[in-house]
Amino acid sequence: LQATPAKPAPAKAGAPAGALAGQTVRIAFMDPLSGPFANVGQNQLKSWQFAAERMSGAKNPAGVKFEVVGFDNKGSPQESLNTLKAAIDQGFRYVTQGNGSGAGLAILDAVSKHNERNPGKELIYLNYAAVDPAMTNEKCDYWHFRLDADTSMKMEALTAFIKDQPKVKSVYIIGQNYSHGQQVAKYFKEGIARKRPDIKIAGEDLHPIGQVKDFAPYVAKIKQSGADTIVTGNWGQDLTLLVKALNDAGLKIPMYTYYAGVTGTPTALAAGGDSEVYVVAYGHANHTGELGAMGAEFFKKFDDDYYTFATYNGISLLGAAIAKAGSTEPSKVAKAMEGLQVKSFAGDVTMRASDHQLQQTMYITKWQKAKKGEYSVEKTGYTFVPIKQMDPYVSSTPTSCQMKRPSAS
Amino acid sequence: MTVPALELKDLRKSFGKTEIIRGCSLAVKAGERIAVIGPNGAGKSTLFNLISGRFAPTSGEVLLNGQRIDGKKPFEINRLGLSRSFQITNIFPKLSVFENLRCGVLWSLGYRYTFLKFLADLDDANERAEQLMHMIKLDRKRDILAINLTYAEQRALEIGITIAGGAQVILLDEPTAGMSKSETKRFIELIKEVTIGKTLLTVEHDMGVVFGLADKIAVVVYGEILAYDQPEAVRANQRVQEAYLGSHVADAQANH
Amino acid sequence: MSAAYYEFKPHNIGRWILWSLFALVLLVAPLVFTSSLSQTLLSQMGIAIIVCLSYNMLLGQGGMLSFGHAVYSGLGAFLAMHTLNLVSKNGFPLPVSLVPIAGGVASMLFAVVFGWVTTKKAATPFAMITLGIGELVWASSLMFPEFFGGEGGINGNRVAGPARFGITFGPQIQLYYLIAVYTFACTALMFAFTRTPLGRMLNAVRDNPERVEFVGYDTQKVRYIAFIIAAFFAGISGGLAALNFEIVTSEVVGGQRSGAYLLFTFLGGATFFFGPIIGGILMVLAFVLLSEFTKAWLLYLGLVFLFMVMYAPGGIASLIMMNLRVAAFGRLKELWVSYLALAFTAFIALLGAASMIEMVYHLKLNAALGPQLHFLGMTLDAKGVNSWFGCVFVMLTGIGLFEVTRRHFLHQWGEIQEYIELEMKRRQNL
Amino acid sequence: MLKVQNLHAFYGKSHVLHGVEFDVGEGEIVALLGRNGSGRSTTAKAIMGMVDCTGTVDWKGRQTLGCKPYEIAHLGIGYVPENRDIFPKITVHQNLMLGQKSAKQKGRWTFDDMYEMFPRLKERQHTEAGVLSGGEQQMLTLCRTLMGDPDLIIIDEPTEGLAPKIVELVGQYLQKLKERGISVLLIEQKLTIAMAISDRALVMGHGSIVFQGTPDSLRADAYIRKEWLEV
Amino acid sequence: MEFFTISLLNGISYGLLLFMLSSGLTLIFSMMGVLNFAHASFYMLGAYFAYSTTQLVGFWPALFVAPLLVAVLGAAFEKYCLRRVHKFGHVPELLITFGLSFIILEMVQLIWGTSSVDYRVPALLDGPLFKIYGTAFPAYRAFMMFVAILMLIAIWLLLTRTRIGLVIQAALTHPDTVEALGHNVPRVFMLVFGGGAALAGLAGVIGGNAFVTEPGMAATVGSVIFVVVVVGGMGSLSGAFVASLLIGVIQTFAVGIDSSLMGAASSAGLDITPQTFGYALWKLKISQIAPILPYMFLVLVLIFRPKGLLGTREG
Ligand SMILES: Nc1ncnc2c1ncn2[C@@H]1O[C@H](COP(=O)(O)OP(=O)(O)OP(=O)(O)O)[C@@H](O)[C@H]1O
Ligand SMILES: Nc1ncnc2c1ncn2[C@@H]1O[C@H](COP(=O)(O)OP(=O)(O)OP(=O)(O)O)[C@@H](O)[C@H]1O
Ligand SMILES: CC(C)C[C@H](N)C(=O)O
Ligand SMILES: [Mg+2]
Ligand SMILES: [Mg+2]
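As they're listed, the protein sequences go chains P, D, F, Y and E. Just remember that the working numbering sits 122 ahead of the position in the first sequence, which is counted from 1. Just remember that the working numbering sits 254 ahead of the position in the second sequence, which is counted from 1. Reminder that position 300 of the third sequence reads as 296 in the working numbering, one-by-one numbering, no gaps. Just remember that the working numbering sits 13 ahead of the position in the fourth sequence, which is counted from 1. Just remember that the working numbering sits 8 ahead of the position in the fifth sequence, which is counted from 1.
What the hints contain is simulated information worked out from the structure, not anything from laboratory work. Values in this document were obtained by computation on a predicted structure and should not be read as measured data. Take these hints with a grain of salt, some might be off.
[To be verified] Cross-link-like lysine to aspartate or glutamate pairs, in silico, EDC-like; alpha carbons within 20 Å at most:
(1) P:K261 to F:E411
(2) E:K315 to Y:E141
(3) F:K360 to P:D425
(4) D:K439 to Y:D164
(5) D:K435 to Y:D126
(6) Y:K178 to D:E496
[Claimed, not checked] For each label pair, taking beta carbons as the anchor points, the in silico distance ranges come out as:
(7) Y:E129 to D:N402: 19 to 25 Å
(8) Y:R193 to D:N402: 55 to 61 Å
(9) Y:G79 to D:N402: 51 to 57 Å
(10) Y:G40 to F:V400: 52 to 58 Å
(11) Y:D71 to F:V400: 15 to 21 Å
(12) P:S292 to F:N86: 32 to 38 Å
(13) F:N86 to E:G286: 35 to 41 Å
(14) F:V400 to E:R91: 21 to 27 Å
(15) Y:G79 to D:G285: 56 to 62 Å
(16) D:H388 to Y:S221: 31 to 37 Å
[As the list claims (entries may be wrong)] Cβ-to-Cβ under 8 Å is the rule here; a few derived chain Y residues that face chain D:
(17) G50
(18) T77
(19) K81
(20) E84
(21) R133
(22) G148
(23) E173
(24) A176
(25) I179
(26) Q202
Quick reminder that beta carbons are idealized off the backbone N, C-alpha and C, glycines included.
Assemble the whole structure, with the sequences as input and the hints as a guide.
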């Protein structure tokens, strides 16, 4: 049951790789595998399993085998706590989750409490996509490591990009009325005021999440405001319907988004026709090299797109940390992970020790018809092409985290 | 002069444009038994609905023991001591006979909306319900759900609920409808028994019942009170004969 | 049915035994199921029992179909959590064990406000108003991070304030016993409620509101008070959930939650007091365990509802009561062979059907992992003709045998029911 | 026209009719009498195919047992249920419309005939039937069935809750039906009217026919009257 | 003026869209009294069927084939499931449709996968119909409005020119009696339920490509269509129509109103600061709550006019 070694091989000090080889690190994946967000969860589970399989054994410095098992948290914070309990009962010491900050914060908090109340049985929480800045700021936790870039970092990158776009003069912000949407609006206003104070905020709209069936009135308002650019944190239906409504009204202005690449959204976007949509993310659809090969193989195997590149970084980091710690024991691995730097698909990435936020390269990509040789996202004939690459420092944001580290050893 | 138990003063009711009750005035002394008769659609049930608060009158007054009750809600009127039964059986189908009756007595014994006392400990309410059950001769059906009773038993229960609250003025709308001769006879006796000392108004079409039960008869025709008098006088009244009686059916019933 | 019959017996031994048994089960359950998952499951069952019972105050006892009961359990949870944080951060002198009551009181206050508009109406308008209010509260729960804590909700630490008798409520088992005490007390109180004048008038309002007005009661007020009381218990369950999870997020006021209360209360059986207890237990099992067991859990859930509503509209409780009635007339023992046969044949049919469902899901979701899948200890080849053929064969055999036994059983059952009817008539006429 | 033989009817397991046998000729009014619960309404329902039953029901030479109620209605049997089963949420006129089997049906009766028969209904034709007075509802059920242009009409306690004058009126109308060649099976409680208009009387007791004969012979038979009818 | 005209146009077209989505529900709910929670699922099925048929034979045949398929499924469901529970009352009827919605959702995911499918607007209707003040009015939207009006007319004819409505209304209280009058009640019920399902399916054919065809699409229209039906008044087609338009227009205009309680308070001399109690509520703009206005509308209408705007009955 236990992931960690049952029979400690006679230790060959200084050569951890040999000692660890053959051990299995089991990671519990908890995200929605049924219900309305199942498509995303299923894809990401496969991505994790795929990355784990590919990078097991000799492919990682520790030589360990990774195994990812899916738990269905149905997107619910409370259910996540149940799946967490189930995972703990089954001896998992590593947990990963990403879909939704609600569940993420619940897991972060529960892992923290569990580790405090059960010394020696610590868990590590690898957060691959929950982007609420709070998780690495006021609510930061020693056992939590974030592989994605949080909302504020993405906005930092985005505003850095917009800064150099002279034709952007007036921006309309539209978002879902909940923490993410509110944060996007807040960080945008902050960032742009710093970098391009001349840009006008033509308007700001927050609408209830998932309740809008018809975005035409919003589009009318945007047009009325005279904005030349839209910034939105919307995702899922709220994004595709907005794009469709813009198309329908013939309002062709650029739109900067966070989540146009999520499973299902490209298909819906493509069905809506050409539109000028940009995405800020830590990756894009047309990577070459190892990641490109992985994408192709993933597509062949699952007939689906590989886009959660955090899985790649996650497994690499974990492998490196285990090798560095010389153990798969989470308390040691966590320590090793702090400040760890590994080579990723786009330069080096660093797990910042102060808040456990991965510092990585960011991209602005554009949604357009795929040319020959470009990756056709979701078989739509469209793709996300990178138009700007930004080094990690660009999107790095300060943290208010006051990390409490375990005192002993 | 004593105040009438129930008094109507120029009561009117319209539904939309049609005026159904066109100025009824009536005074009933305490302890009297009145039968209300009249052709179909004359407005007898409507009259009862106005008195008991199911509808609010368009104009006019209803006085119960001298107090105005028109426009009040049914439950307020009930609390003032007026209770009614329905032409179409109207009981609590999924409660047992005993529970049906107990529901009828609770308010009058002052239990109101309490949820701090157990029903089982309300000795007075239980005793009264048992007693009522005995009066309407349903003791043996105590724990049967009302929906499973026969039609006649349901009618009896209907009367039981009506008198349960101890109201002094009772309105019964066609209490014997749908019963056979023999049952009707039994039933009249029952009604007589349970309403001793109370003021009673009954709507009936069966002249046998009317003449068997009533001290006085009120004849409603087209929303007006055509006559209000002793049974014999009403029977002899020429206009009543024309409008309502005047047939061998009525004679046959009355003479039965 | 029979409950009312025994009401006046001074020493009701049967009832004493039942309640003691209930207490005993609550007491020993965590000693039998000891893993940390099962302990949190047991805790959640206690919470679900309370909320389903409170929901049934509306549905089963008052005939009020609510689509928004989660509003009350959820708001109770939020306020309980705020209270807990007051205790842990500001040293507010309230023992943690009483925090759920704070949740209950808070929900009650909300019900005083919302209920006033809701209970003005009955039947479909009532249901629709609850739907509307539910949607409104749900939408606001995301819009006001100041109170609801945004996406992450608000969290707290139940180890707060001075420990009394060494109880900190840190370990799950301690919390479980707190929940067990609440579950027992709330169940008892809600049962007591059904025996009070208001409880009875609530039944009357359900059956025939018009007549209630003519025996002196204001139906609106009866519904209103009952609604507030139900909200109080819902709030307590919310408060317990807050302690159990130590986090409250907006999902707790969501429409899905309300829908689940409705479905499972009904499945347990709304017409009997104890039905929702079964419903609550099933709710936790379905959501937590069934989904771990199979990817097709929503399909199974849908099918179970479809068949239950069609063949046992009184829920599981009514099935139990029907058999108890048979037992009371001493004829249950004739049936057990049939039951066994039914269960066995149904199992075979289900096995075949479920294997096929699992294979389809496997093909759809995990085809890349190869055609093999393991199901109940069997290895099936989702792409193999043999597996499919085998499953179809098993299922058809099962269905065939089931139909034969079912016919036999129905005949037997009808005969026993007839006997009981006759017997009852006979006893009545004694 | 209608010939019922060895009719047994069941509500679930309870056996209510035990071999009922009678017939109704063309243009005949037959009264079916009996105490409450003797099975008269059940007989009517059995003929209409609304309860489980066995035996034979022969209508114009055709076995109708086992047919659906609407099929039987289409064969020309009309049924006026007891308890005033009017349709409360639709208007009086619409209630009458539903009596017709199809919108195009042209029968012996028109709306005007009905309104002429009961002027009270004409006055109320656009009100919801649910608010009608008890008596008005009773009239409506009768007219509604007539609109379906039946050859045999089974009427279950039509005079319940009607004022004495109207009861007499109904009696006259039943006789008019007969003149138009329609047979009537009249289920009644009130002997007065039944005896006055019927050609033949049947008395039912405990689920079987215990007497058949003319009204006069029934009047003469004190034993039957005492034992199976009133007190 | 420009904004007003465009908003009015948007409001009306959105209203008609709502009507299209809810017309089948109106039909079933008003006639049979069944709160059909699977209505949105039929809508989804319509979209998916249309997607598959479009791939085989093109959009125009799909416009007929898909609703027909949904109708058959609906009728079968009525015949084999719903009918059995009718006698148990409305709550079981509602729950069985609840169960059905689960099953349909899972089936859809099994057959078409968990992601959205690429179901596009036919080329003929892709693009703007006309331009007004520089804003395009899409042709497909006009098509949707047209279909919604057709649905209205069809149901209206069904209700007024045939007696199906009467038969069903009567059968709700006295099914046996209606049958004894010569009407084949079970068949009528089946037809009506199938018809309602077909309308939902048709809405799906048209809504599926106008919006997004994905397994979550049922849930997103789920409750708002109930609002339309209930606000309009149970048993009232015209009510549902008026309610759809009203909700459409109100919601559309509300999006354009950026005033808040705080603004009202400050013009009344009150000073609202972030420290004020309930600041979040004070600063809420009307535009922010526009999409949930229908629910407020619902609650208010039911309190003050429980029959609904044009309804005739309460239950
Ligand atoms: N809510 C209403 N709306 C419209 N008309 C109504 C309403 N209630 C009653 N009526 C009409 O008022 C008239 C009187 O009805 P009511 O029920 O009082 O008669 P009744 O004297 O009791 O007759 P019966 O002896 O036949 O029961 C009837 O014509 C009826 O149609
Ligand atoms: N739906 C039913 N289920 C079970 N038993 C029934 C049902 N309807 C009637 N019965 C029983 O069948 C018997 C005959 O009833 P029926 O209605 O035919 O009598 P009836 O002669 O018409 O009397 P009434 O004067 O009450 O109309 C009665 O004993 C009655 O209790
Ligand atoms: C023995 C009798 C007094 C009672 C009997 N069971 C009867 O009611 O007929
Ligand atoms: Mg009357
Ligand atoms: Mg009868």
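Hints that the structure is at odds with (numbers, increasing):
1, 4, 5, 7, 8, 9, 11, 12, 13, 18, 19 and 20
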